Amino acid sequence: MEQNEKMALLRELKDAKEMFVYVSPCTRMPFVYCDPESFDDEVLLFRSQETAKEASKDFLEKKIPLQLAKLENNQFLAFYSSLYSMGVNELCLDKGSEKETKLQLNELVRRPDDSQIPEGKVRVENPELMLTALYFMQELRKSAKPQITPQVREMEEELMAHFRKGTYIMAVQDKNMVPFLKLKNGDAYQPIFTDIGEFQKFNREKKFRTVVVPYAKLSAIVQSPAKGICINPNGVNIILPTARI
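In terms of numbering that gives the first Met the number 0, the sequence shown opens at residue 0 and continues consecutively.
If you are wondering where the hints come from, they were derived from the structure by calculation, not from laboratory data. Zero decoy hints are in this set.
No more than 20 Å apart at the CA atoms, straight line, and that leaves these computed lysine to any residue pairs for SDA-like:
1) K52 with V20
2) K200 with N233
3) K56 with D93
In this text, all values refer to a predicted model and were calculated from it rather than measured experimentally.
Working from the sequences, and respecting the hints, build out all of it.
This is the structure:
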């Protein structure tokens, strides 16, 4: 892509009235796609619903469920910035059409500068874990009866390896009380979050404050009656019993 073309595309991605993006119902997050040639991890954006619906046919033939979401201009910056915490590095615009174009995420929006974080604060992100979790859940939950294939098992092992290297956010109320999430069978799990964006989805009513917990201390913070943890309940929603922590 020539420089003039790239600059025009950058302006469009910043100034367009609206864009459309695929969302995976398996994760309730933007659908991630691994380019089979470059191995870049992409989200797929479209200028129009029509182009997006046409491109979705290939995925639907492969039984990959997708939903289409509209992004308004005032949502662009937050959306593009959030892709860093997901481990995404590329945007693919109008996939499958004559206007298909690819752009590295860092050409459009800068990654937050950790040097600007106030003293005593830390940025909690787990992009490698999140990216693996998104691919894992997109594959595992794409059918009503999940199939534990060798590919799924390999992704699960990679997910657990990243999980053990992470640092997480825990929600806490007054007197250090923690919230619990109950499954349909009545079992309770304690939510943890991979980044502040996921915590904010859970804390829409501003009832909780944050505590940062490294993996090594996770098992110690699981309180009764919780049987384990739930990673990002409003997103990938991964349940891990205490024995797996």
